[in-house]
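S.K.: Chains as they are written, first to last, in the numbering used here: chain A, 1 to 201; chain B, 1 to 382.
Be aware that one or more of the hints could be misleading.
Straight-line C-alpha distance at most 30 Å; calculated BS3-like pairs for lysine-lysine [said to hold, decoys possible]:
1) 151(A) with 165(A)
2) 160(A) with 10(A)
3) 160(A) with 95(A)
4) 175(B) with 56(A)
5) 342(B) with 95(A)
6) 56(A) with 342(B)
7) 10(A) with 342(B)
8) 342(B) with 75(B)
9) 74(B) with 243(B)
By construction, these hints were calculated from the structure, which means they are not laboratory data.
Each chain, written out:
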Amino acid sequence: MRPDLEIIQKWIEPGHHVLDLGCGDGTLLDFLQRERGASGFGLEINPEHITACMSKGVAVIEQNLDTQGLDNFGDDSFDVVLMTQALQAVRRPDKVLDEMLRMGREGIVTFPNFAHWRLRWGLALSGRMPESEALPYKWYNTPNIRLCTFKDFEALCRQKGIRIKSRRVVDGQHQNNWLARLWPNLLGEIAIYRITRENET
Amino acid sequence: MTDSLPADSVGVVTPQTYRFDSPLDLACGQTLDNYELVVETYGTLNEDASNAVLICHALSGHHHAAGYHSEEDKKPGWWDSCIGPGKPIDTNRFFVVSLNNLGGCHGSTGPNSVNPKTGKPFGPEFPVVTVRDWVNSQACLADRLGIECWAAVVGGSLGGMQALQWSLDYPDRLKHSVVIASTPRLTAQNIAFNEVARQAITSDQEFHGGRYYDYGVVPRRGLMLARMVGHITYLSDASMGEKFGRELRDQAYKFGFDAEFQVESYLRYQGERFSETFDANTYLLMTRALDYFDPAHEYGGDLARAMTTAQCEFLVLSFSTDWRFNPSRSEEMVNAMIAARKQVSYAEIDAPWGHDAFLIPTPRYTAAFTAYMDRVAREVGA
Numbered sequence: 001m002r003p004d005l006e007i008i009q010k011w012i013e014p015g016h017h018v019l020d021l022g023c024g025d026g027t028l029l030d031f032l033q034r035e036r037g038a039s040g041f042g043l044e045i046n047p048e049h050i051t052a053c054m055s056k057g058v059a060v061i062e063q064n065l066d067t068q069g070l071d072n073f074g075d076d077s078f079d080v081v082l083m084t085q086a087l088q089a090v091r092r093p094d095k096v097l098d099e100m101l102r103m104g105r106e107g108i109v110t111f112p113n114f115a116h117w118r119l120r121w122g123l124a125l126s127g128r129m130p131e132s133e134a135l136p137y138k139w140y141n142t143p144n145i146r147l148c149t150f151k152d153f154e155a156l157c158r159q160k161g162i163r164i165k166s167r168r169v170v171d172g173q174h175q176n177n178w179l180a181r182l183w184p185n186l187l188g189e190i191a192i193y194r195i196t197r198e199n200e201t
Numbered sequence: 001m002t003d004s005l006p007a008d009s010v011g012v013v014t015p016q017t018y019r020f021d022s023p024l025d026l027a028c029g030q031t032l033d034n035y036e037l038v039v040e041t042y043g044t045l046n047e048d049a050s051n052a053v054l055i056c057h058a059l060s061g062h063h064h065a066a067g068y069h070s071e072e073d074k075k076p077g078w079w080d081s082c083i084g085p086g087k088p089i090d091t092n093r094f095f096v097v098s099l100n101n102l103g104g105c106h107g108s109t110g111p112n113s114v115n116p117k118t119g120k121p122f123g124p125e126f127p128v129v130t131v132r133d134w135v136n137s138q139a140c141l142a143d144r145l146g147i148e149c150w151a152a153v154v155g156g157s158l159g160g161m162q163a164l165q166w167s168l169d170y171p172d173r174l175k176h177s178v179v180i181a182s183t184p185r186l187t188a189q190n191i192a193f194n195e196v197a198r199q200a201i202t203s204d205q206e207f208h209g210g211r212y213y214d215y216g217v218v219p220r221r222g223l224m225l226a227r228m229v230g231h232i233t234y235l236s237d238a239s240m241g242e243k244f245g246r247e248l249r250d251q252a253y254k255f256g257f258d259a260e261f262q263v264e265s266y267l268r269y270q271g272e273r274f275s276e277t278f279d280a281n282t283y284l285l286m287t288r289a290l291d292y293f294d295p296a297h298e299y300g301g302d303l304a305r306a307m308t309t310a311q312c313e314f315l316v317l318s319f320s321t322d323w324r325f326n327p328s329r330s331e332e333m334v335n336a337m338i339a340a341r342k343q344v345s346y347a348e349i350d351a352p353w354g355h356d357a358f359l360i361p362t363p364r365y366t367a368a369f370t371a372y373m374d375r376v377a378r379e380v381g382a
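Only chain A is shown next, with the shape it has when bound in the complex:
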């Protein structure tokens, strides 16, 4: 199993009702349903991914967060709201975070770190927009329109009164290495945050 999914699944308890924003081909939800006894929905806009979800038996709704919002999901209607590798691709990540913690008691967010040393190095050296395994696009065609660093994300959480329950930092292969734990904002490529509202336990 992908190491990031390995980390996430440990935070899902049997019977949890889960919403996965940008669920891709449904791999994670399928796993959570089969192995962790969770239920829930995925939201997706890519037609091939939607078909893949249907074939797996993952309940998938075609819905665009940017244009359609999330009004159709009630307050506190999920135990956990997930968003893996999609926060940087929505128009207003700050509002999506609010929505995640409106719909769910807990949020799990993963995104690539724009302050990883290789990206910094690439930009400093070549003067061109950096590309990496986690960010394999050109500046003009990238879906990742809201790139941020771990420090940026954590500052936003502080400002919003979002409590970070835990943070795991992994490299591009989703391996958990000790250097990345020591200097996450420099050496971590992808972070997995578990967040909740300030007053939640």
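Since the structure of chain A is provided, determine the placement of chain B on it from the hints.
M.R.: Below, chain B without anything else, positioned relative to chain A:
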């Protein structure tokens, strides 16, 4: 021309008539003492009868959904694009049941059947049936066929309404409900179009208050007009534009009122053909069934509350250019299912053909429908 039928066809099929002698109570308060349903089936029912799929037809529907009635038959059933070996509803795996609904005019008991009490056709005396009545009669058919639980109940448009009603009225008798290009209730605009169609029929001089059978005539012009206005709502502006544009049948304007534009002659042709094969009283009934459908009504308009009894999983599909039952109508349904915590998958298929898109195989539609039904088949071991 070769006479052999396509390899992905269910081949030559023969409809069967089932007679039911237990009375059926209808929503209008009347009771049908006995009735007949005409049915076609494709594929084979497996040993534990778990692979059955019910097809529910739309407004001008027919039991002949797939295959051909003879080797020489040129046109296959109305949903042949989706039912057959290797097609989304794969007859190598599923046992598919398709019927003509009560009140229909293709062999099931309806206004043109003989009323045993009078010895004459029912005509306007045939009770106004509802989607719920149809579902009840379909449940009797399931009993007769030995089907305790459908693997899926599937329908487009008015057929989708039946698939939805099944999930509410017989929650433990279906595993999946597939609701395509449908709506949880008609809008005022939808009802308005139906009313124009009904007025066209009832104001035809040959209608005779619905007793035209007694006079040996058919309200052909009324039916034709009804179909013409209906047909416009099945297509999109873009698809009509692409098909006909402003093309004329001849080179120049004739400064008269005959069918000069191609679209005019197409609509007239469609209307005329329909008026030769369809019964006017059935058209009135079926448009009324559409108007009345509103499962949320008895729950104070709260569709999510209406959905609470459902146990099956849902697939809801809509089409981007469908303005008869707009994608937002499907989303309304999906949101109620979400609120009621039902398992539902939803996709809006990009297709230019308006409401009719549910009959036309486009790559994405076929892929999504196939993926879902394949999983249903795997679930029931088919």
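S.K.: For every hint, state whether the structure bears it out.
M.R.: How the hints compare with the structure:
1. 151(A) with 165(A): holds, 16 Å
2. 160(A) with 10(A): holds, 26 Å
3. 160(A) with 95(A): At roughly 10 Å apart (the allowed maximum being 30 Å), residue 95(A) and residue 160(A) satisfy the hint.
4. 175(B) with 56(A): holds, 16 Å
5. 342(B) with 95(A): Given pair residue 342(B), residue 95(A) holds - Cα atoms ~27 Å apart, limit 30 Å.
6. 56(A) with 342(B): Satisfied, since the Cα-Cα distance of roughly 17 Å is no more than 30 Å.
7. 10(A) with 342(B): holds, 25 Å
8. 342(B) with 75(B): Violated, at about 39 Å.
9. 74(B) with 243(B): OK: residue 74(B) and residue 243(B) at ~22 Å, within 30 Å.
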